[in-house]
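Visitor: The task is to assemble the complex, starting from two chains supplied on their own in separate frames and drawing on the hints.
Residue numbers (this note's numbering), protein chains in the order written: chain A, 240 to 557; chain B, 70 to 305.
Errors might be hidden in some of the hints.
No farther apart than 30 Å at their CA atoms in a straight line, the calculated lysine-lysine pairs in the DSSO-like style are these [to be verified]:
| # | chain 1 | residue 1 | chain 2 | residue 2 |
| --- | --- | --- | --- | --- |
| 1 | A | Lys335 | A | Lys398 |
| 2 | B | Lys224 | A | Lys255 |
| 3 | B | Lys115 | A | Lys255 |
| 4 | A | Lys255 | A | Lys335 |
Taking beta-carbon pairs under 8 Å as the criterion, some of the chain B residues facing chain A (in silico) [what the hints assert, rightly or not]:
| # | residue |
| --- | --- |
| 5 | Ala118 |
| 6 | Ile120 |
| 7 | Pro123 |
| 8 | Tyr145 |
| 9 | Arg148 |
| 10 | Ile152 |
| 11 | His158 |
| 12 | Leu160 |
| 13 | Leu171 |
| 14 | Pro172 |
| 15 | Ile175 |
| 16 | Gly177 |
| 17 | Arg251 |
Calculated from the structure, these hints are not laboratory results.
Cβ coordinates follow ideal geometry from the N, Cα and C atoms, glycine included.
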Amino acid sequence: MARADSNQRAKSSPLKAWGVNHLRTLLASLGNMSRQPASSLMTIAVIAIALALPSGLLVLLNNASHLSVGWDNSAQISVFLQNDASEKQAQELLRKLRLYDDIDDAKLIHKDQALREFSEISGFGNAVEALDNNPLPHVIAVQPKIDPRRPDKIPHLLKQLNELPQVELAQLDLQWVKRLFAMLEIAQRGIWIIGSLLGIAVLLVVGNTIRLDIQNRREEIEVTKLIGGTDAFIRRPFLYTGFWYGFAGGLLAWLLTSLSIGLLDNSVTQLASLYNSGYQLSGLNFRETISLIGFSCCLGLVGSWIAVGRHLSEIEPS
Amino acid sequence: MIRFDNVSKRYPGGHEALSNVSFHLPRGEMAYLTGHSGAGKSTLLKLIALIERPSRGNLLLDGINLSSVSNSKIPYVRRNIGIIFQNHHLLYDRPVFDNVALPLVIAGYQHREIGKRVRAALDQVGLLNKEKSMPITLSGGEQQRVGIARAIVHKPGLLLADEPTGNLDPELSRDIMELFARFNQVGVSVLIASHDLDLIQQMGSPVVSLSNGRLERDDLATGRVASGTGDADGQG
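Okay, chain B solo, but in the shape it has when bound (with noise of 0.2 Å):
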């Protein structure tokens, strides 16, 4: 799903967020990336958005060299994934419905089917009487589910979420990371972004690990499997 070949990613000014990291996320797989904040987690996902371009090296999305995606084919990348943030980037001007209605109106689904899927997304994170309300109105935790019903409603084939726990109690967290579990289970490819390295051990997932840009660990290439509940979710 993801591949990344010798990627290297300097900013203006001469900071190198990333140096030739190369991994590969299998479709259907799910990972943990981790790494001390400043350690280009965040660059790495934001390559993989099309936030920001590499300097150097080959970036593989289900099959597409994103180097030769051009500015106006971006959206359409997007629309095969699915973004969660840590400060849920929810719009408080309108009612949780519309925010997870978004992707759908965006890729112009019909009316009738919008309302179905929206519906069957805050089943899924638990909010369906929720629909009505102002974000402003909900907790963090629901605010974060919020984020990830708008993440998984049009159905992408990979989701990324940037420290989505980061700003919860461990409960909600763990309640949070056992949700990407699920989706992952019906064969969406998820990397998670996180530094709650307490959480990931329990979870059970293989861990990409960065370190000063550079590729510290990777469970995806050496078959290691984060130790705490087994190789349940190993290697397929």
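Same shape as in the complex, but just chain A (with noise of 0.2 Å):
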């Protein structure tokens, strides 16, 4: 008894022997890597790789949405008069429209540059000239004044464009800003797509990492267990190595990324300043870094977990 006595003693008090034995696992098992740096550091960047593909593509497109938000602002009203309506009624409503507080700019397009143009566009030029009369109506483009703060604004003007006496029609162009929408929104599920399956690809470089690890130490987990180890003390080093690995490999993804979108930017910094724009690529902000390098961790975690509790439990000593 006094022996058992004693031993209790000298024993930390069980939580902070959880602590302690946590602590030094950690970095242990840090260090365990480190021995193998070669081996280690082809995992990582494997690891690595596959995470910097979606995220970098992810990044490529949340700059692409950003630059139609840009143009989405550039949006113009087409407004079209009644058909009757005469180039004098037109130049009238065009010098009324210029006057507008809403309206940043108004242009006529006349129903007969607007046919010629039809004609030389669509190649129905022969059937257009069988027309007796021309069918289509003058045409007022209005660049309407953005305010970001006032976003109901375009909205509003459309209406007040609408009720005028002599308009058949405003319509607002967005078309083309919905369909470049729909693109992106494909594009997303896409990155969504290729990003699980290249997780589902690091769970598995993970894993069997970590399968190889354990018939590496064999010996050691046979030896512990003789000794007294619980499963939790052995399965513990493995699951910080795992927790090392998606670390590193977070941390090295996000380098990745941060450089091909430094090597992209300068491109199309020049690009863009062909277009007259001071458009610039966006890398990866402080929460999207966080949420990258969390979610290898939680990979590496996961894919640690299922390789021991598949492997761990096949050794028991003989």
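Guide: Structural data, given as structure tokens:
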């Protein structure tokens, strides 16, 4: 009994022992990885590339949707006049519209000019010539003033224009923006699918690495079991190893993504300047970086958990 | 400390390694387990260490019926046993100190306490100056003593040794056996499986002998002590 008492005194309180054990294992597993730098780095690189690909694509996609928001701001309203409106009436309306507070600029597209353009572009030149009179109305292209704080102004203006006497129809030209958004939506789904597949690949890579690790340390596991190590104690270093793989992989993925964006940035800025735009690529922000690394850590942990669950119970001392 | 009560062990495939074995090793007692290879010595030790489970019969360790111990509780039973193997089972990727410290780390001892106890254990086996050496650089006898230091560092109530002198020359073997006798003198129960009958005769502790899985001789029950050094370590 005396022996048991002195043993009891020398032990830390259970909670402290637990904490100390975890910290010790956390650092020891890092040390273990650093003793096999080549194979550890390869695993980390595979994880990083698998994660950098979807996160890089997501960054590009985000940039594309920012860009489209910029274009959205240059939306144009086409005001179709009634067919019987004369050129004089059209000019009058144009002058009137230019005085509107909400309108930046307005331009008249004469119906003859519109017909000419139509016959040139559409290739229906002969058919158009066969027409007795011009079926097209005059159109005023209205450039609304954009106030980012008052997005409801444009629909309001649209309603006002529609109520003008000579106006047949005022239409906001957003079809192409909607199409672009639909395309971006598809791209985004595609990236999520690729990302999920690559996430599964990361799970398998970590799981396989941990499986090999377990096999290499079979002797150690047997001995530890023989001298009273619990399953949790034996499991812990492998889980932490998985965590470190995920953490390091996530960090490297962030680095790869940032580097790639950096490499593209110059060319994009050059291209943007040709369009008289100061547009710049934006990389991963703080929140996205934390999510990327956190997600990677989770994948590492889950991957090692699966491997440990499958392979650790197979090893029993004999 | 150890009580076998009509214990049998049949392995899958029908081989019966132990048949109706009953014996009792009292607390603080030391005994040798002998028999030819295949007689069931290792199986008997494995049953005590819960590496195997008996097919029939009851096995009590320190008053606990081992058949009532669930798999998740096995580690806690093993922490009260120090096990020594013929092939040492040391971990060759870390120095002697870390090998010996392992049971204490598992049990959650404080850092300072670990250093103290590991050095005390190494001192007892005469390897205090080797704590930083890697096991592979040590001789066979030294490696076995590291294994013993690891088995006693957490002061278990029972020491089990499976052919601890199997690969050592006679003089080293005798040193190791005397080391076990010293631990026994401070109150540790000791059970040593060995086929080195000459050495056992010289040591003079009770002998439990197996033959084809059956108990052939039980000095613990008969009060007989191996001839040689008299009754110094006889029944208490």
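Visitor: Taking the hints in turn, state whether each one holds.
Guide: Hint-by-hint comparison with the structure:
{"no.": "1", "hint": "Lys335/A with Lys398/A", "verdict": "16 Å, holds"}
{"no.": "2", "hint": "Lys224/B with Lys255/A", "verdict": "22 Å, holds"}
{"no.": "3", "hint": "Lys115/B with Lys255/A", "verdict": "33 Å, violated"}
{"no.": "4", "hint": "Lys255/A with Lys335/A", "verdict": "81 Å, violated"}
{"no.": "5", "hint": "Ala118", "verdict": "7 Å, holds"}
{"no.": "6", "hint": "Ile120", "verdict": "5 Å, holds"}
{"no.": "7", "hint": "Pro123", "verdict": "16 Å, violated"}
{"no.": "8", "hint": "Tyr145", "verdict": "7 Å, holds"}
{"no.": "9", "hint": "Arg148", "verdict": "4 Å, holds"}
{"no.": "10", "hint": "Ile152", "verdict": "6 Å, holds"}
{"no.": "11", "hint": "His158", "verdict": "5 Å, holds"}
{"no.": "12", "hint": "Leu160", "verdict": "5 Å, holds"}
{"no.": "13", "hint": "Leu171", "verdict": "6 Å, holds"}
{"no.": "14", "hint": "Pro172", "verdict": "5 Å, holds"}
{"no.": "15", "hint": "Ile175", "verdict": "5 Å, holds"}
{"no.": "16", "hint": "Gly177", "verdict": "3 Å, holds"}
{"no.": "17", "hint": "Arg251", "verdict": "16 Å, violated"}
Of the numbered hints listed earlier, those contradicted by the structure are 3, 4, 7 and 17.
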